[in-house]
Amino acid sequence: MKGFVIALFSLVILSGLAGLVTWRIVGAPDRSIPCDPENLPADHVCLSTIREWPEEGILWVDARPRAEWEKNGVQGSVLVNDVEEWFELEPEFMMQMMGHPRPKVVVYCNQEGCGSSKYVANQLRERHAMALGFEVHVLQGGIKALLAEKIN
Amino acid sequence: MNCFKATALVFVGMGMSLSARMVFETKLVEIDVKPDETFVTGEFPFEVTGGGETIISYDALCSCLAGRVEPLLPDRSAKLSWKAGEKGVIKARFDTSKFLGTVDKAIELKLKGEKEPIHLTVRVNVPDLVQLTPSTLKWDKGSEAVEKVIKVKITHSEPIKIISHSANNEKTYPYEFKTIKEGWEYEIRVKPTDTAQSGMGMISLRTDSKISKFKRTTAYVTTKPKLKMKPLSGAR
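First to last, the sequence lines map onto chains F and C. Counting from 1053, one number per residue, gives the positions in the first sequence under my numbering. Counting from 177, one number per residue, gives the positions in the second sequence under my numbering.
No lab work stands behind these hints: they were computed from the structure. A virtual CB, placed ideally from N, CA and C, is assigned to each residue, including glycine. Treat each hint with caution, since some may be false.
[Unchecked claim] Distance ranges between label pairs, derived from CB positions:
id, chain 1, residue 1, chain 2, residue 2, range
1, F, Glu1122, C, Lys263, 42 to 52 Å
2, C, Lys210, F, Glu1140, 20 to 30 Å
3, F, Glu1122, C, Ser253, 28 to 38 Å
4, F, Ala1094, C, Lys203, 31 to 41 Å
5, C, Asn344, F, Glu1136, 18 to 28 Å
6, C, Asp235, F, Glu1140, 20 to 30 Å
7, F, Met1182, C, Ile356, 16 to 26 Å
8, C, Glu361, F, Glu1107, 41 to 51 Å
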C-alpha cells in the first residue's frame, strides 16, 4: 500500500512539473469559449466573427435579467429579456433602432441553453427585422464569451 | 503485487461509473399551449442502466421553469441516488405567461462523474391572439408620404375588443383607427405629415382581454434614411 501511495504521489508531482513546463513554453491557457463558425446553430454567430463587423453597425441586446445587465452588460446595450413584460422593454429597443439605425442586432444571454437570447432574437426578427432592415444574431457562448475575451 | 491490485481497483471503479447511464426516452418535449393556459408540464421519463447514477443538480435555466424528479422519497424530498433498472421521470413546469410564439427552455441535469450536463428541453408554442401586420411601418426619408396600413387581427376563439388607442407623435404620424369587425378585425391607417425629416412614433392599443399579456400591444412608425452600411456576408 505504501508503494502505491508513493507511486501516486510521484505521479502527481511529475504531472505538476509537466504542467509548469508547458505553461512556460506555450503560455497561459486559452480561456476563450470555443466557437466553430462552420458548426453553429442557425442565426448563431461567433464573437470572432462579430469583431470583424463595424462596431457602429451593431446594436447589442442583453437578454439576461435586469440586475445582470446593470452589472456587466455590454456598453450601449439594450435590455430586452423574457423575464419582464415584453411591451415594457420593446419600446427602448425600437427607439434605439429607429433613432440610430443599425444593420445588425446581436443578442446574448447567460449561457448556452438558457434560451432567452434565442427567444428574444426570434421575436425581434419576426416583429421588426423586415421593416427596419436589420439582421438578428445570437452570440454563441453568451456573456461567457464576452467575459473570456476580456480575460484573454 | 498489492500496488498492482490497488491500481486495478481504481480502474475498475472508474469503468463502473462510466458504464452507468441515465437513459431518457426523449430530451425534447414539445407542447402546444392553449390561449388561456399559463402553466404546462413537460415530462422526461428515464431508466438507469449499468451501475447506479447520482443526480448532482437539476437546475432550470430560466425562472419560468421549475424542475422536479419523481417519484419522490417517502419524506417528499427529491430522490438523487438511482440504482440500475430503476425508472423515474423529470418534470419541468413551464410558466408561459410572458411568452409568445415558439420558446425553448431547458433543465440542466448534472450527474456524478459526467463532465457534460444533460439538457432536457421543453419547447412551447404559445399563440399570439392579437396580431399586428406589420407591427412596424417605415417610410424612407424624403420619400412620398403615402398612407400605410397596419391590420389588427384577433386569432382567438372569442372576440377581443380594442378598447382604447393612443399615439405619442400624432403630429407627424396622424392615424385613423377603423373597426372592420368589432372584436375580430381592425385597421390603423397612418399617413405622415412629413417625411423630409427622420422621425418615429408609437401607437398603443389596449384590449379587453382577460389574459395579461394581451391587454396591451404597440405598433411602431418611423421615417429614416436608407441604411448606408451594407450587411456583411460573414454572418451565418
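Unmet hints by their number, sorted upward, for this structure: When the structure is compared with the hints, only number 4 turns out to be violated.
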